[in-house]
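Participant: Protein chains in written order, with this note's numbering: chain B, 10 to 478; chain U, 10 to 478.
Hints are computed from structural coordinates only; laboratory data are not their basis.
All the given hints hold, so there is nothing to weed out.
Repeated chains share a single entry, so a pair holds when one copy, or any two copies, can fit it.
Restricting the straight-line Cα-Cα distance to at most 30 angstroms, the calculated cross-link-like pairs of lysine-lysine (DSS-like) are:
#1 LYS13 x LYS102
#2 LYS44 x LYS440
#3 LYS128 x LYS244
#4 LYS409 x LYS33
#5 LYS37 x LYS54
#6 LYS351 x LYS37
Protein chains: 2
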Amino acid sequence: MTKKMRNMARLFNPGSVAVIGASKDPGKLGFHVMKSLTRGGFGGKIIPVNPGSMEIMGLKTFASVHEYPGKIDLAIVALPARMVPRVFLECEKKGIKGIVLITAGFKEIDDPAGAELHKEIQDIAERAGIPVIGPNTFGMISFHAGLNASFTPEFSLLRAGGIALVSQSGGMSHLLGFMAMNEDVGFSKIVGLGNRLNVDFPEMFDYLMDDPDSKVIALYVEGIDGARDLMTAAKRHGVRKPMIAYKTGSADVGDVASKSHTGSLAGKHEIYGGAFKQAGILPVDNAETLLDGAKALAACPFLQGPGVAILSGQAGPGMAACDFTENLGLDIVSFTEKTQKKINDALPPLALRTNPVDMGPAWYDSEAIRKIVHAVMEDDNVHSILLLMMFASANVDAVKGLTPALKTWKQRKPVIGCLVAPPGIWDEQIKDLETSGALVNYPTPERAAAALAALWHYRVIRDRAKGDT
Amino acid sequence: MTKKMRNMARLFNPGSVAVIGASKDPGKLGFHVMKSLTRGGFGGKIIPVNPGSMEIMGLKTFASVHEYPGKIDLAIVALPARMVPRVFLECEKKGIKGIVLITAGFKEIDDPAGAELHKEIQDIAERAGIPVIGPNTFGMISFHAGLNASFTPEFSLLRAGGIALVSQSGGMSHLLGFMAMNEDVGFSKIVGLGNRLNVDFPEMFDYLMDDPDSKVIALYVEGIDGARDLMTAAKRHGVRKPMIAYKTGSADVGDVASKSHTGSLAGKHEIYGGAFKQAGILPVDNAETLLDGAKALAACPFLQGPGVAILSGQAGPGMAACDFTENLGLDIVSFTEKTQKKINDALPPLALRTNPVDMGPAWYDSEAIRKIVHAVMEDDNVHSILLLMMFASANVDAVKGLTPALKTWKQRKPVIGCLVAPPGIWDEQIKDLETSGALVNYPTPERAAAALAALWHYRVIRDRAKGDT
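So that you can see chain B by itself, here it is in the shape it has in the complex (with noise of 0.2 angstroms):
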């Protein structure tokens, strides 16, 4: 392992983070990394640095790293481009072990200056072996840590969990942690690559696999220069963690942006669906698939087979459940005699008691209700079963009522949930199903089937990308 290598750990578990380019100044990124790091919950030293100040947010600071006389472990970086160069020396002189790079200006820039100074502070880090987010970055957050190395305090609102997100788009990143905060989804890290110094998907990859934290990583890709290393780094670890990615840049005039973006052209959409898969990694043509899909193979044991029940409090939501289902590839099979007569006595004539089987009938009764979902958890067909239920007044206890039981069976098989609510009404009991490992739940049939459909399509990769190597 490269020094470079070894000091990534440190990077995202410091000890001590100095900020230079600190600042006072709610119109200098400097200003807002000192918020995200002092009220991240971040439990190690905050060394501000800044020539011009004695103090930033209460903090000692300091006019250089040279002069705080401690161990620094981890430098965050928001000063013009110009001054990285001595700054990386300084760096390099201190010990520091890794770097944040915020600033922009560098490579991305149409001016040849900018693909100097790259070069130069490149030269340096490589030589120190500190490994370094960025340039042109929002930073990254290493929320088991407590550390949010970003310009955005915001993504503290999350919580920690098990996806790590690497991502080439800022944007795509806050977009994503929004979309998190609102659906209560936990990252082990966020980590904006911007324009990648020394420290790219493969890089990310080697330090993620052994990160016990993270249990699925979830990719943002736009540029296509370092697409085989991408690829290679991902089947050199052979389907150790489930990766699944989002490409954009398949528009024509996408090209363009993302040439811009991050120094690189988009490559077609098509070629790369097809050289994910063969490198253990399920792509996705959606945000929120991204994030969904992550969440439930984050959170689900692995899955078995296609054989899917469905289990609907309403016909309506049931039959868009069964149709993306079907349409994504997933089987809703049969059930067995043994099962299907269990169904048949917990359940009143009048209801449809084979697969999707009509729940609505057993509101009131969470005891048949258990029973059913027993039924069909043991059932040798079935792999996997969709939950569906929409809440109405008279059937507000349906949850309670079967979360003892979900709770004890534990995912003995993945159970994706579609129990969905006025805001407040069953939130404190869906998290706390999800939070127990009881099931994981989306707002919508169609992204529950989605999620499940992530579930094997990744399953079937997982198994072709075992067998290439």
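Based on the hints, put chain U in the right spot on chain B.
Facilitator: Quick look at chain U alone, frame taken from chain B:
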């Protein structure tokens, strides 16, 4: 116009409502209906009917509709099926104008007695000219009348707006309602057709086409019986109002669910797409797109062409929007020289200034953003604007900066927003922009692009349908 059709207006705007089967017992639907009515803001007279009670929820209760001395416009019936024929006769005698029949157990059950009862009450209703919503429905909500005639009081949390939702599924109506609560979408009516005694899609179209509160008609469709009537009725109105439909039941097993649910056999999805379009109805394939498309159709001016300008605060979400926009058949146009010059003047050379426009460098400069939006609004090549901005602490004022100009222009051309922030930060500002008609906003770039595509696809369908008539 038939007596039944004349009575439709009173059904949705009654002065007095009787709840036949009103109850104090939360285990009865008549309890929840009373809660909906009394807490939903209804300004008319509420008359609980139950021979076993003197008073329910503080209201004097009558043994039958006859005992009530005044006029009754609407009766909501929540009694066992076998009691319904007698109740209908009483309603006829009392001169009641409309009925919402929540009771289940008619033709959807296996027992032929159900079909007989269905026929019996149908004959009474038709003879009396009483339009009946149901049976086997959660009810209906007439938002501009403050009337929640459903068993779900929480529907009253929704705001009044321009979308009329006519649905064959109670579960789907609840789902769409809860989704709309999260995204502040407003409805004129939500109507659960249930088993359609004598009010089906055609009757609803006839009524809604002349309902000034309903700007857009959104449909959720399951069965195929009456499909020809649906299409014929839609065609008869000659695309007077935008219509958008989500049809489920393409899965093989879904057919069984559909058959049981509404007493009809679900047909294949594919056949419907073409038939809907011919009838001037935009078909969609997802509950999100139904809601998102209806919202855009209700709030945006008529889209004049496929030319889109994509203005994005961050490259990644802009690229996702480009991909979706292009895949959905819209054109990411070249600007005129004049527009291009104005944009070049407003942005530094570093930025991408062609379509899509990277507005990142103008984050802090609301005057520059205003100039860019104005320039593309005036460009004849541009028929709509996609405006994307992810919050970061440093751009917190970006929406505020844009607001005055967007309000002044009031969507001279449709403005589809994807302004996304953590909960509570931009919510009020976005609500203000939407309420004042300055834009419609969506939570992801992909959904924003799909909503814009719905405007365009509806425009194409409408032009063709107009050509046909």
